[in-house]
Amino acid sequence: GAVVSQHPSRVICKSGTSVKIECRSLDFQATTMFWYRQFPKKSLMLMATSNEGSKATYEQGVEKDKFLINHASLTLSTLTVTSAHPEDSSFYICSASSTLDAQNYGYTFGSGTRLTVV
Amino acid sequence: AQSVTQLDSHVSVSEGTPVLLRCNYSSSYSPSLFWYVQHPNKGLQLLLKYTSAATLVKGINGFEAEFKKSETSFHLTKPSAHMSDAAEYFCVVSAYTSGGSYIPTFGRGTSLIVHP
Numbered sequence: 090g091a092v093v094s095q096h097p098s099r100v101i102c103k104s105g106t107s108v109k110i111e112c113r114s115l116d117f118q119a120t121t122m123f124w125y126r127q128f129p130k131k132s133l134m135l136m137a138t139s140n141e142g143s144k145a146t147y148e149q150g151v152e153k154d155k156f157l158i159n160h161a162s163l164t165l166s167t168l169t170v171t172s173a174h175p176e177d178s179s180f181y182i183c184s185a186s187s188t189l190d191a192q193n194y195g196y197t198f199g200s201g202t203r204l205t206v207v
Numbered sequence: 340a341q342s343v344t345q346l347d348s349h350v351s352v353s354e355g356t357p358v359l360l361r362c363n364y365s366s367s368y369s370p371s372l373f374w375y376v377q378h379p380n381k382g383l384q385l386l387l388k389y390t391s392a393a394t395l396v397k398g399i400n401g402f403e404a405e406f407k408k409s410e411t412s413f414h415l416t417k418p419s420a421h422m423s424d425a426a427e428y429f430c431v432v433s434a435y436t437s438g439g440s441y442i443p444t445f446g447r448g449t450s451l452i453v454h455p
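Note that the protein sequences, when read in sequence, are chains A and B.
Using this note's numbering, you'd call the opening residue of the first sequence number 90 and step up by one each time.
Using this note's numbering, you'd call the opening residue of the second sequence number 340 and step up by one each time.
Source of the hints: derived by calculation from the structure; they are not laboratory data.
A couple of the hints might just be wrong.
Unchecked claim - Restricting the straight-line Cα-Cα distance to at most 35 Å, the calculated cross-link-like pairs of lysine-lysine (DSBU-like) are:
1. B/K381 with A/K155
2. B/K407 with A/K131
3. A/K144 with B/K381
4. B/K397 with B/K408
5. B/K397 with A/K131
6. B/K381 with A/K131
7. B/K407 with A/K130
8. B/K408 with A/K130
9. A/K130 with B/K381
10. A/K130 with A/K155
11. A/K109 with B/K381
12. B/K381 with A/K103
13. B/K397 with A/K130
14. B/K408 with A/K131
15. A/K153 with B/K381
Kindly generate the complete structure, drawing on both the sequences and the hints.
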C-alpha cells in the first residue's frame, strides 16, 4: 500500500531558529500534499494544500511567510517553520494523495513531527 | 461546502462490549467518507472507507461502518472492544470542491477509552 514518510519524528529547537519538516511519498506520485497542525486533544487543522510545481494554498489565518511550503517534486514536500516561537510547538502531520486515488483509496498520512520550541 | 460532526468527544466502554462512534456529515457533492485511527504521538491509519460502492463497509481490526444517505451518517462500530482499540478516531469527508479539488475535512475526533 501507499506509504508516506515524514521526517523528523521529533525535533527540539531554540526560539528564533527555523525547522524543516520533510514529507515523502515512497511508492506513489503525490500530486497533492496537505499539511496539518494538531493541538493537544484537538482535531487536525488544515494549514495548507500544495500541488506539485505550484504555490501552496494556505488556509485562512495561517501565515504563509512563517510556514513555508515547497512541493518541488511528485514525491517530496517540505514545511519550514521560520523564526520559530514556543507557540509554534505542536504536532505537524502531512498527508499525500494522487488526484484520482484520493477519493477511492483515501489519504495516506505521515507519522507526524512533534516540534518543541524552547 | 462540507462538514463533519462527531457527536461524542469521548466514548468509554468495557473490554468485550460493543463500540459505537457516531459521525454525521454534510456535503454539496457525493462524498467519500473515511475513518482514521490515531494512537498517541502517531500518524493516522486508515480504518475503512466508503466510496459509493457497498453501503456497509468492513475495515481492519474488526471495525465496520454503514453509510446512510438518508440520515447523512457514517457511524463506526465494532462488536467487541479490545484494550488495543483505545485511541483517537477521526471521521473524514472528502468531496469535490468548487475550487476544483478534493480536500478532506476532519471531524473533531472521538477518544475511545476501553476499561478492562
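Verification of the supplied hints:
no.: 1; hint: B/K381 with A/K155; verdict: holds, 25 Å
no.: 2; hint: B/K407 with A/K131; verdict: holds, 27 Å
no.: 3; hint: A/K144 with B/K381; verdict: holds, 28 Å
no.: 4; hint: B/K397 with B/K408; verdict: holds, 17 Å
no.: 5; hint: B/K397 with A/K131; verdict: holds, 27 Å
no.: 6; hint: B/K381 with A/K131; verdict: holds, 14 Å
no.: 7; hint: B/K407 with A/K130; verdict: holds, 28 Å
no.: 8; hint: B/K408 with A/K130; verdict: holds, 30 Å
no.: 9; hint: A/K130 with B/K381; verdict: holds, 13 Å
no.: 10; hint: A/K130 with A/K155; verdict: holds, 24 Å
no.: 11; hint: A/K109 with B/K381; verdict: holds, 19 Å
no.: 12; hint: B/K381 with A/K103; verdict: holds, 24 Å
no.: 13; hint: B/K397 with A/K130; verdict: holds, 27 Å
no.: 14; hint: B/K408 with A/K131; verdict: holds, 27 Å
no.: 15; hint: A/K153 with B/K381; verdict: holds, 26 Å
No hint from the list above goes unmet by this structure.
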